[in-house]
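S.K.: Given next are the chains, with one letter for each unit.
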Amino acid sequence: MVASAKEQSKMRNKLVLALGAASLLIAAAPVWAHHAFAAEFDAQKPVKLKGTVVKVEFINPHSWIHMDVKDADGKVTRWMVEGGSPNALFRRGVNKDALPQGTEISVDGYQAKDGSNRANGRDITFADGKKLFVGGSNPDEQPNAK
Amino acid sequence: MRGKAVALAIVILAGSLAAQSKSVQGKYVPPRTPDGQPDLEGVWTNVTITPLERPANLAGKEFFTPAEARQYEKDTVERNNADRRDGGAQADLSRAYNDAWYDRGTKVVETLRTSLVIDPPDGKIPRKGDRPAGPPPGFGRPPEGPEDRSLPERCILWPTAGPPMMPSFYNNNYQIVQGPGYVVILVEMIHDARIIPVDTQNAPRPHVDPKIREWLGDSRGHWEGNTLVVETTNFNDKTRFQRASQNMHLVERFTRTAPDTITYEFTVDDPSAFSRPWTAQIPMQRTEGPIIEYACNEGNYAMEGMLAGARADEKKAAGR
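Chains as they are written, first to last, in this note's numbering: chain A, 1 to 146; chain B, 147 to 466.
Calculated directly from the structure, the hints in this document are not laboratory data.
Virtual Cβ for every residue (Gly too), placed ideally from N, Cα, C.
It cannot be assumed that every hint is accurate.
[What the hints assert, rightly or not] Stretch by stretch, here's where chain A covers chain B in the computed footprint (C-beta under 8 angstroms, at least three residues): (1) 245-258; (2) 290-302; (3) 355-369; (4) 444-455.
[As the list claims (entries may be wrong)] In silico DSS-like pairs for lysine-lysine, Cα to Cα no more than 27 angstroms straight-line: (5) LYS45/A - LYS75/A; (6) LYS274/B - LYS461/B; (7) LYS70/A - LYS131/A; (8) LYS207/B - LYS131/A; (9) LYS173/B - LYS220/B; (10) LYS270/B - LYS357/B; (11) LYS220/B - LYS130/A; (12) LYS462/B - LYS48/A; (13) LYS220/B - LYS270/B; (14) LYS70/A - LYS48/A; (15) LYS45/A - LYS384/B; (16) LYS384/B - LYS357/B; (17) LYS48/A - LYS461/B; (18) LYS45/A - LYS462/B; (19) LYS70/A - LYS130/A.
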């Protein structure tokens, strides 16, 4: 592939801009050893989704919840919502049965940068307002050790 | 001259190792496997919130008092809690998902040490110059393909999965299996099974040729009393544990110090990265099995998402 001088200059500009954007991203991200949620989702695109569970993929490295979201006109859109590694949940006794098909949930998260219908499941709550999973934030309770 | 320096380094290393093994051996006599090895078998977790290095505000303080430990636990759990929603959108996004998915632990180590690093006594890794502890160079640049993303994101190796093995934010579980002549360590985070040939101290199987470099390095084990000593060399130049080079020399020591505890210590030596060898100690507690499969590539939709994200960023930056 041979690029013209104009194209080359355009590509260079694009690269400079992209690098600039990346350095901003690094500066803003408080942790680095992460599965790069900031690379995948857009902090400028918060979403609140309300819908029903279609299926749950309890897979590594990250689980995915597929859900149908109905808008005001009744139009249904399928979304994929990313969660964490399922292993920690299994150890807490949470499995696929926790989220059967048809369960109503609300998801609070951020949409994929490319605009596709994917989001991270920042917070997932049931219709009655209870959080989907209860975290292990009590220091007196270390679920993993015997 | 160089020979002398190397000899001195070996003496220092051997001296500090001898001191450590004495400190952890204790009185406990572990059971034996059918072929007579001290029994390390089982599923173990190294989960803890004790930091690898001593934080600046604890300088000079090697141990917490019990009350300080409880306070530290409370503060750390609060800080780590992914259910909090403060700090703005970027911080919120970086916390990824709610706390249920994490398993970072809630306790400091039983010894109440303020750092996992026990030598040097200041609890700091003796890095040479200004080598930062952070991400490898290039991390975070817009990826052209999977090769531009980090090793864990590519399902290759988790930076704390080892060797040496350190706690991370979930899946801190390890299964040790022993057989005649071998010990195998299965690591839950990502997938690796490290197969360690174990011989008598005086007649170890030699390491592979220095030209052969491996993701997990090349491990050789022997028993010193009830302690399994594993020496690992032949790392590749991509894992770079704590910014060490591929010439990192690692010695790990596994000592069963109680029915449900293995005291795990590792000593890292790499003169190109550290001004002296350093040692960390991490207790491993027996935990419920089994180790759960981590079939990482099969479900790595996030890779597609990150590459799509990079293309979207480029389009946005180019004004299209």
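S.K.: Next, verify each hint and record whether it holds.
M.R.: These are the hints, each one checked on the structure:
1. 245-258: Held - the stretch 245-258 of chain B has 8 residues with a Cβ nearer than 8 angstroms to chain A, which meets the minimum of three.
2. 290-302: holds (count 5)
3. 355-369: violated (count 0)
4. 444-455: With 9 residues close enough to chain A, the hint holds.
5. LYS45/A - LYS75/A: Holds. LYS45/A to LYS75/A sits at ~21 angstroms (cutoff 27 angstroms).
6. LYS274/B - LYS461/B: Roughly 41 angstroms between the alpha carbons, so the hint for LYS274/B and LYS461/B is violated.
7. LYS70/A - LYS131/A: It holds: about 21 angstroms lies between the C-alpha atoms, which stays within 27 angstroms.
8. LYS207/B - LYS131/A: Since the Cα atoms of LYS207/B and LYS131/A sit roughly 40 angstroms apart, the hinted pair is violated (cutoff 27 angstroms).
9. LYS173/B - LYS220/B: Judged against 27 angstroms, a Cα distance of about 33 angstroms means the pair is violated.
10. LYS270/B - LYS357/B: Not satisfied, since the Cα-Cα distance of roughly 32 angstroms exceeds 27 angstroms.
11. LYS220/B - LYS130/A: holds, 24 angstroms
12. LYS462/B - LYS48/A: Holds, at roughly 24 angstroms.
13. LYS220/B - LYS270/B: holds, 23 angstroms
14. LYS70/A - LYS48/A: Holds, at roughly 12 angstroms.
15. LYS45/A - LYS384/B: Not satisfied, since the Cα-Cα distance of roughly 35 angstroms exceeds 27 angstroms.
16. LYS384/B - LYS357/B: holds, 15 angstroms
17. LYS48/A - LYS461/B: Holds: LYS48/A and LYS461/B sit about 25 angstroms apart, inside 27 angstroms.
18. LYS45/A - LYS462/B: holds, 14 angstroms
19. LYS70/A - LYS130/A: Roughly 21 angstroms between the alpha carbons, so the hint for LYS70/A and LYS130/A holds.
When the structure is compared with the earlier hints, violations turn up for hints 3, 6, 8, 9, 10, 15 and for no others.
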